[in-house]
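Asks: Build out the structure end to end from the sequences listed, making use of the hints.
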Amino acid sequence: MATDAMKSQVAAKWQEAFQRLNGDSPGISGLMKFSEAWAISVQFLYPWDISSVPVDVDGRPYGEILYIGKDLEAARPAFNVVNRSKKLPALLETFLDDVRKNFYLVENEITQYMARYEEHQSTDEIRGLISRLVEWYRAWAPPPDLGAAVFQSYTLNFQTRLFSALPPSFTGGFKNLCATLLSPPSAEDAIVAVWRDFDILGLIERYETIIASVGYEYIEEYVLRTCTGEWGKPMLDDLRIWMSEKVVPWLLHVYARGATTPDEARTMLQGVGSRFDFHINKTLCDLRTREIFDVIIDYPDSMGALQDLRDCMQRVDQRADLVAALRKQNQKRLLNPGADTKLILQQYVSTIKCLRIVDPPGVLLFKVADPIRRYLRDRPDTIRSIVANLVGDDDDENGESLVDDVDAVPIQQHDFDDYSDPNWEPEPIDAGPEFRANKPSDVISTLVSIYDSKDLFVKELQVLLAQRLLMITKDGSDRVEKERKNIEILKIRFGESALQVCEVMLRDMTDSKRINTHVQAQKSSRLQPTIISRHFWPALESSDLVMPGQFHKLQEDYAHEFNVFKPDKKLKWLPHLGTVQLELELEDRKVQADVPPLEAAFIELFSDKPVWTLDELIVAVGSVNRSAAIKALSTWVDLGVLKEDPENTFNLLEKAEEGQSAAAAARERDTAKLVAPIADIPALSGTQLQQAEQMRVYWKFIEGMLTNLGGLPLDRIQTMLKFAPGYDKTIEQLASFLEAARREGHLVVRDGVWRLNPGHEA
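Each residue of the sequence shown is one higher than the one before, counting from 1 in this note's numbering.
Please note that a few of the clues may not be correct.
Once the Cα atoms are required to be at most 20 Å apart in a straight line, the calculated PhoX-like pairs of lysine-lysine come out as [unchecked claim]: (1) K570 / K523; (2) K282 / K233; (3) K570 / K553; (4) K353 / K342; (5) K233 / K353; (6) K643 / K590; (7) K566 / K523.
No wet-lab data here; the hints were simulated from the structure. For clarity, every value in this text was computed on a predicted model and none was experimentally measured.
Replies: So this is what it looks like as structure tokens:
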């Protein structure tokens with residue numbers, strides 16, 4: 001039961017409401033006037049079906065579609081009454097509720113348009129739907145007389161219901177429509193109208209991400225189409241010019257709506273323009289990252305791509321992606337047993353040069369190079385290949401020496417930070433704990449730093465120089481001078497003392513020529529030997545070959561004259577090395593050939609008797625390797641001088657066999673010179689093999705200390721070995737020997753500690 005106080009409050013409220021609606025009018029005339037105004041206002045605002053609007057013969061609606069069938073002048077007094085009565089919020093609520101009830105009309109049209117779009121996939125349907133939605137929006141919009149708040153509330157309500165009514169397929173259609181506007185076939189006015197409709201319906205704010213993705217995809221498609229495989233010149237500046245011409249006008253419609261001056265538009269585009277420029281950089285950076293392995297192969301013709309990558313990396317943080325991509329490609333395409341060591345080194349050198357362009361501090365190179373360096377260190381021929389690159393590879397006519405490619409500077413192997421350097425800079429933020437900013441900067445120093453000591457390279461350089469010098473013929477003085485020039489350049493890199501042995505070898509070549517000239521002057525000889533100092537040349541493989549007949553006589557005569565000239569020296573022949581120029585006089589033909597000494601020794605024996613067995617021949621020349629003997633004899637069989645019949649019995653063919661055609665016999669008679677296979681290079685022991693032989697005597701000491709003491713670091717092993725009799729090796733030579741033992745499975749190393757391999761039997 002209501003209390004008196006409550007009744008009093010209700011009466012007061014009722015009287016206040018009546019007074020507000022009735023005003024100063026007598027009786028309830030004011031209330032009746034408000035009721036009439038309310039009915040007119042609600043009827044005027046009621047959402048109507050624009051599909052029922054009458055049209056003329058051309059299909060155009062009569063009058064202004066905004067208020068067809070409505071008298072705004074008659075409704076304006078009613079709106080004023082409602083507003084004075086403070087019932088505008090209630091009128092707005094009623095109006096929005098009517099919009100909700102009649103929004104099915106809009107939904108029906110959306111369904112029809114989207115059904116046609118899904119059937120034909122034509123963006124014209126999406127464009128028609130958006131135009132139709134604008135018509136619905138404008139037809140139901142309240143007049144400006146009601147104020148901006150009412151209009152904004154209606155707009156928000158209409159857009160909210162619209163977005164909930166649009167099916168999922170509309171997103172794809174809208175995106176396709178935006179893409180057609182980016183490369184428009186239509187006039188500019190039509191494009192402006194489309195973007196204005198987007199703005200009216202709130203589609204730009206609603207689908208801003210999708211609109212941006214259209215621009216991003218357009219950029220990506222253009223970058224991939226124009227820049228893929230184009231590495232010769234930088235493309236980034238051209239892409240930015242293209243964006244300013246093709247993409248920025250499109251961005252003006254989206255992000256600079258309402259701009260009245262160019263400066264105002266530029267200000268409005270500043271943020272989004274930066275994002276699109278970033279996307280150009282990212283897309284180009286992604287492309288160059290995928291192409292990086294081939295870009296390095298094509299260096300230096302790919303300099304433009306490297307410059308683009310460097311510039312993009314300053315804007316886009318994709319350094320880790322570049323490292324991962326290049327390491328993956330290297331592992332797949334480069335670091336495998338099928339790749340030649342020389343090709344791996346060439347790619348590594350190109351990688352060094354390319355990544356220093358992209359990242360001068362060298363962090364990227366440090367991260368990419370580590371797997372390559374570890375792989376090269378495990379390859380037995382890496383040192384030889386590097387040294388061959390240092391002085392130029394004679395086996396490759398098109399090969400170039402790295403000595404000539406870069407400035408000759410001393411080998412750098414710093415492993416510390418020089419804080420007193422005025423140009424010192426801290427390490428980059430993404431550098432690893434083992435990175436050093438002052439690592440070797442030139443290519444040669446980087447290659448040499450694969451190993452812990454440059455002594456390995458000096459030893460291998462001596463071996464390679466010896467091979468090249470021993471292959472020089474009597475007319476090869478220019479070759480000697482070339483080698484001398486290389487050694488002079490390499491002195492700058494490795495130091496004078498490191499290459500003293502090479503100086504001795506070069507001097508031996510000069511002395512050998514002088515000695516040979518003197519001996520020939522005393523007694524002419526067909527021999528043209530190269531005389532070397534045994535103690536200063538790398539170890540040459542020995543042989544039991546004994547040259548028979550006239551060859552032996554030539555050696556004795558030459559040795560006699562040499563002893564007369566150099567009584568304090570003793571000449572020791574290495575008869576298995578060199579080349580012999582022969583002319584064989586047979587009954588019906590002459591055969592000329594340049595052959596290795598073993599082939600010459602065998603054919604000389606046939607001047608004593610025409611038939612020899614294989615075993616007899618081997619014994620006669622000093623018991624050489626059986627397979628080498630068969631190979632040497634096959635040379636003369638191929639030349640038609642010998643015939644094997646029966647097996648392992650060889651007969652001299654003074655006359656060509658009847659089975660040979662006359663043309664073949666004529667070719668043999670007329671041939672000026674038949675060249676048989678010649679030994680490739682002098683048989684010299686490699687650096688690691690020489691050191692292993694020299695260190696083998698100390699293996700028992702190493703094995704014993706590791707057995708008794710367990711794992712030991714390198715410096716501890718070196719200290720203990722100094723107590724062994726006659727041990728004078730450097731720690732670098734010891735490291736090389738231990739590495740060789742590790743490859744053979746005798747040792748294992750972890751964290752710098754060497755241990756015996758328990759699973760390997762010595």
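Asks: Are the Cα positions of K353 and K342 separated by 20 Å at most?
Replies: 17 Å, holds
Asks: Given the hinted pair K233 and K353, is their alpha-carbon gap at most 20 Å?
Replies: 17 Å, holds
Asks: Quick one, are K570 and K523 close enough, alpha carbons at most 20 Å?
Replies: Holds, at roughly 18 Å.
Asks: Against the 20 Å threshold, does the CA-CA distance of K566 and K523 hold or violate the hint?
Replies: Holds: K566 and K523 sit about 15 Å apart, inside 20 Å.
Asks: For the pair supplied as a hint, K282 and K233, is the alpha-carbon distance within the 20 Å limit?
Replies: 18 Å, holds
Asks: Would the pair K643 and K590 pass a check requiring their Cα atoms to be no farther apart than 20 Å?
Replies: 17 Å, holds
Asks: Hey, K570 versus K553, does the alpha-carbon distance stay inside 20 Å?
Replies: Holds - the C-alpha atoms of K553 and K570 are around 17 Å apart, at most 20 Å.
When the structure is compared with the earlier hints, no violation turns up for any of them.
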